[in-house]
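Student: Mapping of the sequence shown onto numbering that gives the first Met the number 0: residues 0 to 120, in sequence order.
Just so you know, not all the hints are guaranteed correct.
When the alpha-carbon atoms are kept at most 30 Å apart in a straight line, the in silico DSS-like pairs for lysine-lysine are as follows [stated by the list, open to error]:
| # | residue 1 | residue 2 |
| --- | --- | --- |
| 1 | K26 | K119 |
| 2 | K119 | K73 |
| 3 | K73 | K26 |
Per label pair, the in silico range of CB-to-CB distance [to be verified]:
| # | residue 1 | residue 2 | range |
| --- | --- | --- | --- |
| 4 | L21 | L98 | 18 to 24 Å |
| 5 | E110 | P43 | 24 to 30 Å |
| 6 | D111 | Y59 | 16 to 22 Å |
No lab work stands behind these hints: they were computed from the structure.
Model, not experiment: these values are computed from the prediction.
Ideal Cβ positions, reconstructed from N, Cα and C, are used throughout, including at glycine.
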Amino acid sequence: MKRLGSILLVLMVPATASAAELRTIPKGFQGHWSLTAEQCAPGPPDDANILIGERFIQDYSTRMAVRYVSVQGKDEIIAGGRVTSGSSRYDNVSRLALLENGTVLGVGEGEDHALYVRCKP
């Protein structure tokens with residue numbers, strides 16, 4: 000599985016919400032994800048792990064405070080919000096897709112995507 004830069008710098012579209020969108024990330028997407036099962040490690044995310052909560056997406060260098068979630072299909076969402084990376088702050092979005100019965104998470108789209116496996120709690 001490959002990782003291409005920060006997970007939150009995947010898809011650049013305007014970060015605006017509409018009335019039909021959710022305010023939180025659905026439970027199926029939440030949890031601890033890693034590039035491989037062997038790299039699952041407790042604690043803060045490192046360069047192989049990401050954490051997704053009800054209102055945030057966090058990797059080793061960035062954290063998005065989720066403001067809205069647009070459901071794209073049964074197992075696909077776009078989450079938009081405010082990203083903090085060091086002293087930088089900006090609005091951005093991330094496309095997330097559940098694969099293989101929710102055991103694999105795709106982040107991004109096309110060739111510029113990364114795949115993560117769900118870590119056991």
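Student: When the hints from earlier in the document are held up against this structure, which numbers fail?
Tutor: The structure conflicts with no hint, since it agrees with every one listed earlier.
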